[in-house]
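Enquirer: Residue numbers (our numbering), protein chains in the order written: chain A, 132 to 816; chain B, 132 to 816.
Don't take every hint at face value.
If several chains are the same, the list does not tell them apart, and a pair holds so long as it fits within one copy or across any two.
Stated by the list, open to error - Below, a list of computed lysine to aspartate or glutamate pairs in the DMTMM-like style, where the Cα atoms sit at most 20 Å apart:
{"hint": "1", "residue 1": "Lys-212", "residue 2": "Asp-365"}
{"hint": "2", "residue 1": "Lys-737", "residue 2": "Glu-707"}
{"hint": "3", "residue 1": "Lys-454", "residue 2": "Asp-770"}
{"hint": "4", "residue 1": "Lys-263", "residue 2": "Glu-231"}
{"hint": "5", "residue 1": "Lys-438", "residue 2": "Asp-750"}
{"hint": "6", "residue 1": "Lys-503", "residue 2": "Glu-707"}
{"hint": "7", "residue 1": "Lys-212", "residue 2": "Asp-300"}
{"hint": "8", "residue 1": "Lys-484", "residue 2": "Glu-352"}
{"hint": "9", "residue 1": "Lys-675", "residue 2": "Asp-252"}
{"hint": "10", "residue 1": "Lys-375", "residue 2": "Glu-352"}
{"hint": "11", "residue 1": "Lys-242", "residue 2": "Asp-365"}
{"hint": "12", "residue 1": "Lys-212", "residue 2": "Glu-688"}
{"hint": "13", "residue 1": "Lys-536", "residue 2": "Glu-688"}
{"hint": "14", "residue 1": "Lys-675", "residue 2": "Glu-653"}
{"hint": "15", "residue 1": "Lys-499", "residue 2": "Glu-434"}
FYI, nobody ran anything at the bench for these hints, they're computed from the structure.
Fair warning: this is a prediction, and the values are worked out from it, not measured in the lab.
2 protein chains.
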Amino acid sequence: MSADRVHEVKAGMIRTGMTAIQAIVFVFAAALSCHGADLDLMPWPAQVEQRAGVLNLSVQAPRFEVTGGDERVNSAVARFKQQLAARTGVASVIGRAAGEGPLFVIHCNGKGAKVQTLGEDESYRLTVGENKAELTAANPLGILRGVQTLLQLVQPGQQGWMIPYLQVDDRPRFPWRGLMIDTSRHFIPLDVIERNLDGMAAVKLNTLHLHLSDDEGFRVESRRCPRLQERGSDGLFYTQAQIKDLIAYARQRGIRVVPEFDVPAHALSWIIAYPELSSSPVPSRMARDMTDHERPVLDPTLESTYKLLDRVLGEMAALFPDKYFHIGGDEVDSRYWDKNERIQAWMRAHNIKDSEALQAYFNQRVQKIISKHGKRMEGWDEILSPELPKDTLVQSWRGPETLAKAAHMGFQTLLSAGWYLDLMYPASQHYAVEPFSGDSASLTPAEQSLVIGGEAAQWTEYVTPEILDNRLWPRLGAIAERLWSPASVTDQASMYRRLAILSRNLEWLELTHRTSSRRMIERIAGDAPVELLETLASALEPVKEYTRGRTQSYSTELPLNRLVDAVPPESEPAREFGELVKNAQQPSARAELRLQLVRWRDNDRKLQPFLPASVFLADLAALSHDVSTLATVGLQALDAIDRGQAPAPEQRTRQLATVDESSGEHAQMQIAIAPAIRQLVESRP
Amino acid sequence: MSADRVHEVKAGMIRTGMTAIQAIVFVFAAALSCHGADLDLMPWPAQVEQRAGVLNLSVQAPRFEVTGGDERVNSAVARFKQQLAARTGVASVIGRAAGEGPLFVIHCNGKGAKVQTLGEDESYRLTVGENKAELTAANPLGILRGVQTLLQLVQPGQQGWMIPYLQVDDRPRFPWRGLMIDTSRHFIPLDVIERNLDGMAAVKLNTLHLHLSDDEGFRVESRRCPRLQERGSDGLFYTQAQIKDLIAYARQRGIRVVPEFDVPAHALSWIIAYPELSSSPVPSRMARDMTDHERPVLDPTLESTYKLLDRVLGEMAALFPDKYFHIGGDEVDSRYWDKNERIQAWMRAHNIKDSEALQAYFNQRVQKIISKHGKRMEGWDEILSPELPKDTLVQSWRGPETLAKAAHMGFQTLLSAGWYLDLMYPASQHYAVEPFSGDSASLTPAEQSLVIGGEAAQWTEYVTPEILDNRLWPRLGAIAERLWSPASVTDQASMYRRLAILSRNLEWLELTHRTSSRRMIERIAGDAPVELLETLASALEPVKEYTRGRTQSYSTELPLNRLVDAVPPESEPAREFGELVKNAQQPSARAELRLQLVRWRDNDRKLQPFLPASVFLADLAALSHDVSTLATVGLQALDAIDRGQAPAPEQRTRQLATVDESSGEHAQMQIAIAPAIRQLVESRP
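Based on the provided sequences and hints, a complete structural model is requested.
Expert: Now the structure itself:
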């Protein structure tokens, strides 16, 4: 052990495993840095070794020595300087003597591929010591990842901004760490995508999967077949120039862009442009809402279908340089084929026994087109079929078992099941998803190597550009960590602490998950005191899974400007309240719980007078009332614990019945504190 | 009185002057609109007449009929649609049937001048009635002002977004309503200027005065004399293309851009580029801080000085199309001339008796140059001299008396004294500044007409781009109202209420006065709980006037990232606390005061443990302690009022001494609640 090694923190051992001496030095180091071992890093690196001392950034302007790599290294360093200035508020280096400032040595041993490839080396080593930080990597991607770690390490210290002495040896667990954004159901403008690419880079995600066509719109300019965007986009599409800008922007940040054009279903925007390729009569307009029952699929028996696909996918294959090309392939409603007599006759003539076989035939034809244009085909797990070539990539969404199945069959595969951000699950639930569990736990090492990573998926039925960031960033960091960090990194409390810091720091990248949420709540409040609405909102969450669609039909014309659209997917105050309830035996926890419960209880009385005047507030009346009722029950339970006296069984039964009655869903929201209130009632003094 | 006129609210009579019937109908209207007469308008219009009923915006997409005017009318309507979508969250009009939606009729009776001129007609009439809003104006400027009023009227209602029925007849009180931004001491990038132009347009300001050169930098590209920006800007300057963009951007918003190049003093950036024109030895670099004592001025006795000015100001006169051209002329340190023997000899030879006469000579020479290039000269009030032609415009900054003096002498004049935003005064103080008071109260009507308006001035010694918005927008709306609205509009409580709404709505224009403040406070907090720092910050304000410069020398190299830089100029919680103290005889007010005081009292104990680890927090220790002490004294005073028993005189004396001892300035901040605590102690039960 070297003399300056004061303690070692390996992944997954953040708070444990110290020797006695290390623990003593840890206290010393913690006093110095006010952080201790749990640095504000997300995703947590493969290996971190902290040392005593800090690199002071404030005395003199830092110097940079940058060598090797390709153009991305310099652009990464330029962005690092900008972001460092933004994070620290030390913008001006005019006239500061540079001679003695801390030295940032950034060295890259090689160039990367011209088009970023899956599995390129992303590892790096970062050493921070006396007046010097040194970042080395074999590939520019490692430098891109390392500067993000460096930036996350900057913190306030006794002399000003500083970075603790340490050594980080880091590399990703999986090579494919992605985010899918649906740009069809609601169009997401280029600048919104770009700021989210900055966010992805900050958490070391490396793949943006754009869902570019669906029943609601075709979102890329086709020059060969311009009818697609002319008739199929309502004017909302990316030009080819914008796509090139986007790809260049992503490349500078070490992110691949994988396009998806969903066929043969989810293809009404194609069919509106080319009605002759439909399997059934064509509606007069693209899908707007759930009452648009007719969503015909492409006719896989027509040669003209493959001719069009060849033209368009060929054009898109040239536009998007990535090796992978996603053809969707999900959720084919086979009734459109079953009801078409010509299709049925064709199937009999060609010995295709059912619609599943027909889709398999279609996929093989499309695969040949994709392959002809130099790409590897990717599709949702419905495409899984032994007839497809083994270089096909299968994206598991229906359940983790399809991941294992694909790997067993010898296909590369990606996990998305468990990471659907539109289902409004808490970060902890996404964080707990382990690719090698369940059916996948028994995969052989060779099969395991086919599991190349995963993707969070953001479908946009209920997401507009002003909502997007607030759906992604309260949880995406946790998924990014699952895909980057060793499997042993699972401490939920640490995750939530670091996710909160990340959320704050992402604001410096102009992400709007917090500002937009607050603005939307203020918009709803109108002239009502916004604190009252915030207090109510703090107890609420959007309903989970696909519940919203059952009470409020999705429509592209539905304004998404209600409280459900403004609140984060997970209530942080409710989560913290739940944590406190676990400690309700401690008087100090009960004092805090009481303060919070009194606020929730009394809020309804203050808010109710404002509700009738505004439609945006009126539908919150039941929730406001129920939160108050639940808080009242919670206070009764606290009183019982304070008295050290269990309530009579019938009283507890009454209280639990009240909790049940007051836990209903209204206005597409649920009361996030209800489970903790129940737990409080059920706890014994 | 027409049948649908339910009550009339004239400027300055917002809450008064109703007849009995009007009052009854007012209650009815208030129930309908949840607003009543005090609409969220700022600046308040010349005349408003509210009527019963509301125009519902939510049922169907609005239709627009736009006629007349020039290209600015269409661009104003396009921005109105965008901003309406942003404010309401109703972005998509895809497929909504437009046939029956509310109709916006916008008609302009004439075109405006090619280059916006001072005094062009800005009046408009806005009528909102059954399913129709009608905006008419004689000039596109009136349409630009009117759409801002229309936007401010949109509010939540029982059916969704709505606009109350009303008629507004509006016109400005003064034709010159400006904001000066110093871009020399800290450079302000183009995008920051542009978002603030959007803010200016929202409050109907019509003149942006850019202070473009000073000792710290020359901020515009000169093609004729590129040495100016090459040697005099540290690379931070606007290109001519950017200036043209800026002027076009401003024109679309009805805003004139007046450039200022400050001579003969505040001209070190010129002298660094052309040292031969200096009156004294030239330092090696531009001014960086207050210890740079040498800030030489131009030599007014050299013909080459006028030759350079002719070249550069001629170029700039062509670049900036506005009729007015500001030459600064302030704060000449005449010792540079007194000590120069050649200058003294020249003065004797030319019969110029003193430095004041020398500057007058200089100004006359410069005036001829400005005039030759087709402009009217403007300068700070030091230029005031009977020898100048009467088309010179004098900007009063040293005090209101210079405004009166200029008008008496027959000069057009502008008020800036009282509206220096860098002095950190509260909005109420700026709002109370009345151009026709003091010496100006006795002006004849003809002299009064020479007072053409005023300008808020934002000097940037302590302002970076991330700070600018938070210095402007907590107060600028109040000054804009003083310059637009009738003199009778003076209700301070109404002003603060509407200013708060304005502040919220300006966020939709991407102004950062609130988001940047919060981000900066979080940056300072580091790992300390941000609520604790926010609670402390809520009791604090930056020191006023020029106090900061005495304890913390201004330097362009000083990072402006401390709490003083993050907090607003005026503490809204402290102001509200002060209002509550006025009602301390009421038990309900005392209950609220107590809650607030307990928070401030207890905050120090929680915050202190975090302070030593960070230099950004450590210098807040004294303030945190003093706020706690003041809150403790405040609670004692409350107790006494509760008991209905005055404290013994010696106890009150002790308390007042404690207030004195705990009201010191630290870390460039003062405790904003101290005066209210003193008042509480002094109040009798």
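Enquirer: Need the list of violated hint numbers for this structure, in ascending order.
Expert: Checked against the structure, the hints that fail are numbers 3, 5, 6, 7, 8, 9, 11, 13 and 14, while the rest are satisfied.
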